[in-house]
Amino acid sequence: MSAEIPVLVREISEVVPGVRQFALARSDAAPLPSYSAGSHVVVTLRGPDQRLHRNAYSLMGDPLERDCYRIAVRRHAQSRGGSRLLHDSVQAGARLAISHPLNLFPLARLGRRHLLIAGGIGVTPILAHARDLVRLGAPFEVHYAYRSPEQSAFADVLEALAGQRLHRYCSARGERIDQTALLADQPLGTHLYVCGPGPLIDGVRAAARALGWSASHIHSEQFLAPPPGSAFEAMLARSGKTVAVAPETSLLEAIEQAGVIAPQSCRGGACGQCETEVLEAEGRIEHHDVFLSAAERASGRKIMLCVSRLQGRRIVLNL
Amino acid sequence: MTLSIIRSKPSYAPLAWDAEGRTHLLAAHGDGGEALLRLLAAPPRAPIVVRYASDPLDASDRSALLALAAPDYQGFDTIAALLDDLRVDLDGGRMGMRLYLAGSERFVWTASRMAAGFGLCADEIRREHCGSPARAVYCVHCKTIAPEVRTNVVTCPGCTRPLMVRDHYSARLAAYMGFQVDAELPGTVPAIESPYA
Amino acid sequence: MPATFKQETFRDDFSYRNSPAAVRRFPFPFADDTYLYSVNIEPHTAGAPGSAYECAFDIDEHYVAECEDRRITLESDPDRYVALPHMMDAQWDFLELVMESLSRDYPEHFLLQRDGTRWTWTNRPLAIRDSFVFGDAASLPREPFDYIARQAQGDFVLLDQREGDLWADAGMVTSQADWSLAFDAGMSFKQWHGPVPLAHEIGIFDRALKYLLALRQGQPVRRLNWTMTVHPRLDTAPETYPAWGPDRTLVTADNAGSLVHLRVELQALYRLPRSNGVLFSVRCYLASLDDIATYPKWARRLHRVLESLPPPLVEYKGLTRYRDTVVSWLARFDDGRPLEHGTGPD
Numbered sequence: 000m001s002a003e004i005p006v007l008v009r010e011i012s013e014v015v016p017g018v019r020q021f022a023l024a025r026s027d028a029a030p031l032p033s034y035s036a037g038s039h040v041v042v043t044l045r046g047p048d049q050r051l052h053r054n055a056y057s058l059m060g061d062p063l064e065r066d067c068y069r070i071a072v073r074r075h076a077q078s079r080g081g082s083r084l085l086h087d088s089v090q091a092g093a094r095l096a097i098s099h100p101l102n103l104f105p106l107a108r109l110g111r112r113h114l115l116i117a118g119g120i121g122v123t124p125i126l127a128h129a130r131d132l133v134r135l136g137a138p139f140e141v142h143y144a145y146r147s148p149e150q151s152a153f154a155d156v157l158e159a160l161a162g163q164r165l166h167r168y169c170s171a172r173g174e175r176i177d178q179t180a181l182l183a184d185q186p187l188g189t190h191l192y193v194c195g196p197g198p199l200i201d202g203v204r205a206a207a208r209a210l211g212w213s214a215s216h217i218h219s220e221q222f223l224a225p226p227p228g229s230a231f232e233a234m235l236a237r238s239g240k241t242v243a244v245a246p247e248t249s250l251l252e253a254i255e256q257a258g259v260i261a262p263q264s265c266r267g268g269a270c271g272q273c274e275t276e277v278l279e280a281e282g283r284i285e286h287h288d289v290f291l292s293a294a295e296r297a298s299g300r301k302i303m304l305c306v307s308r309l310q311g312r313r314i315v316l317n318l
Numbered sequence: 000m001t002l003s004i005i006r007s008k009p010s011y012a013p014l015a016w017d018a019e020g021r022t023h024l025l026a027a028h029g030d031g032g033e034a035l036l037r038l039l040a041a042p043p044r045a046p047i048v049v050r051y052a053s054d055p056l057d058a059s060d061r062s063a064l065l066a067l068a069a070p071d072y073q074g075f076d077t078i079a080a081l082l083d084d085l086r087v088d089l090d091g092g093r094m095g096m097r098l099y100l101a102g103s104e105r106f107v108w109t110a111s112r113m114a115a116g117f118g119l120c121a122d123e124i125r126r127e128h129c130g131s132p133a134r135a136v137y138c139v140h141c142k143t144i145a146p147e148v149r150t151n152v153v154t155c156p157g158c159t160r161p162l163m164v165r166d167h168y169s170a171r172l173a174a175y176m177g178f179q180v181d182a183e184l185p186g187t188v189p190a191i192e193s194p195y196a
Numbered sequence: 000m001p002a003t004f005k006q007e008t009f010r011d012d013f014s015y016r017n018s019p020a021a022v023r024r025f026p027f028p029f030a031d032d033t034y035l036y037s038v039n040i041e042p043h044t045a046g047a048p049g050s051a052y053e054c055a056f057d058i059d060e061h062y063v064a065e066c067e068d069r070r071i072t073l074e075s076d077p078d079r080y081v082a083l084p085h086m087m088d089a090q091w092d093f094l095e096l097v098m099e100s101l102s103r104d105y106p107e108h109f110l111l112q113r114d115g116t117r118w119t120w121t122n123r124p125l126a127i128r129d130s131f132v133f134g135d136a137a138s139l140p141r142e143p144f145d146y147i148a149r150q151a152q153g154d155f156v157l158l159d160q161r162e163g164d165l166w167a168d169a170g171m172v173t174s175q176a177d178w179s180l181a182f183d184a185g186m187s188f189k190q191w192h193g194p195v196p197l198a199h200e201i202g203i204f205d206r207a208l209k210y211l212l213a214l215r216q217g218q219p220v221r222r223l224n225w226t227m228t229v230h231p232r233l234d235t236a237p238e239t240y241p242a243w244g245p246d247r248t249l250v251t252a253d254n255a256g257s258l259v260h261l262r263v264e265l266q267a268l269y270r271l272p273r274s275n276g277v278l279f280s281v282r283c284y285l286a287s288l289d290d291i292a293t294y295p296k297w298a299r300r301l302h303r304v305l306e307s308l309p310p311p312l313v314e315y316k317g318l319t320r321y322r323d324t325v326v327s328w329l330a331r332f333d334d335g336r337p338l339e340h341g342t343g344p345d
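Residue numbers (numbering that gives the first Met the number 0), protein chains in the order written: chain H, 0 to 318; chain Y, 0 to 196; chain V, 0 to 345.
Treat the hints as calculated values from the structure; they're not laboratory data. Glycine included, C-beta positions come from ideal geometry on N, C-alpha and C.
Taking CB as the label site, the calculated pair distances span: (1) 298/H / 331/V: 53 to 59 angstroms; (2) 234/H / 42/Y: 51 to 57 angstroms; (3) 323/V / 317/H: 42 to 48 angstroms; (4) 45/Y / 138/H: 26 to 32 angstroms.
Straight-line distance between alpha carbons at most 20 angstroms, and here's what the computed SDA-like set of lysine to any residue pairs gives: (5) 8/Y / 178/V; (6) 8/Y / 188/V; (7) 189/V / 120/Y; (8) 296/V / 51/V; (9) 189/V / 11/Y.
Computed, partial: chain Y to chain V, Cβ under 10 angstroms: (10) 169; (11) 172; (12) 179.
Please construct the entire structure, taking both the sequences and the accompanying hints into account.
Printed below as a string of structure tokens:
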């Protein structure tokens, strides 16, 4: 597990209704680590009930800005608490902890052209990509879809960076990305990056595959919040503990609350670090990750602790 | 220097269509024409482009057969001319294309490197080594490449050292590594065999 | 931290010698009587004070002489340095990491002053002082990787991470144990490890690659590798094999103690921040058999390891001609009694 960096909130600004930008600086005022475009950090904060909340947020600022990191948080009404806490309870000066940056959504440096597609708050890593592509002098286009003009967070920043390379789509006005037209005529060596809601990502990936784009040219990032489910029990064979997993708590969180250290990193079902062997399952494993293969899921022998659950009574893990 | 089994020697499978590709570019030299003919016996319903350089030493003329089998066919007299054309094809190519290469190892990897320069990744390129097992050998001492080596030991055309031909392969150089076989005890050169003939 | 640096050579007259302190801190690699491949990675955290593991990039009494040996090698063969065009971000990552580490760990020798992107670097042992703009390669006398790798001990390879693999797309390699950067540049992880015998069969490289792809910023790791060299020669590249290859026939029972060296590589791996690449550093340590025999435990252990080494490894590590002579030479130190697990000299 990566050692956490203590930070404090230097500034909070409302970007559009429901989206806040937080500028985070190191508590000891030392420079923050540099990072690559597409990186995220996991922010840890303690709620009023002393429960720990951990959520991943893309770093959207300029990596040359070493004195602070900038993240944008959308307030989710159905949030399990993390984003609501950040909006409602955290003020300038508050102390939090963040992980070191981790990049699961990097730019393909050998790409000859880059096509960036952002939906809603998915614009945050895309913004970082655009900034880096400008710096590297590489050809690119950004296609940014949002619900309404009031919801077009950071469109002005993107415009300043990308100019005519930015294309906007406001769904309230009926504007939609024509995915087929966009993907059908790109030169060889183009890479596609998409970040946003699940359906957007699924749709773009499917359209690209249907047009023959190979997997190595399609990159996506989706911050999965661990979906809730029904309660179940997890028996940790090696540590001998039995843990009750509540409907709103992820399996990983329940294990951590019981004081057991489980391998983990992105907490969003993408990086593979929390993969754990399933010894027994009374019930059906609900896989919510994007890491395991279909065969691995079907085997019933593996589970990603951070987002997946059991629909049933009890699971026994090799932990 | 070790001569044991090496995992950096490329391995090949017979060419097969990638059904997920939207268009297909086939390029081959010499005996590689056989692999293309096999493919074209059952083509997918998609645009297919064939580029072929015949080997003047070949007995059979595959170019005639390929011209019949492929709607978009062009033949070339030399590998250099074929590669020049491939460069143009790749420059104008669109995402969704798959590239199929067949021929000598040196041809296949030289063409691969060109394709990589246009941003193609490994999952867009398929390769089959057809015909001569002769090897291109890079002399690690003087950096000269001997293009067609059939023996296990070869005299370097650049520095005249006797080079042992290893299985360690560089896709970038499209050549196997050669090092002076008798460096430790000059004159002790092993029996010359022709495993790549 | 060494107060003075030795004047010595790693070629020609081979005047290289280890002081007793250098021998004591030598990173002896064998914890057991037999040598087994394993991923054998551990966190690269600060080791025991004074040890080779204490600092991120170890500087020892051989620093100045080693940098000079590198300079000589590069002059005769510039292709020992390669940097493909897309690796510039990684070059700056490396420069920042090395300058920050050396100035932090050896403040009496190195100083890094920063004012935004205007940096000044002072290297007292090499009498270097340069001001430059971080991010502007033209403001340095050489490009960043070339510039700072000439001021650090050990070899360095910058790996690009893409397509689920790692690619050796830049390197400064002048003290390698017999592999060619000019040949291997651009290879993927399994390709450049191709020649290593046995390891592939037991899946070591699959596991190692998966592990390295997930390497995190702020969590570097390290491992040890080893071989043997005749004469304290740093440049044992394939390119110069005709120069050092014949040395393997020189070993006798009388000269083995001073001629034959245990060559240990302390390898470290860092995630690089801006490029998202991986730095692979290979720090080379040489100790003669006489040096090793200063500590009876080491001599006994080395005797047993060499005696039991599987033939493919003997061949791969280039020991064939003189292994038996060395084993006989070491035998006199081995009383056959059980030895404790561990690499320490006592």
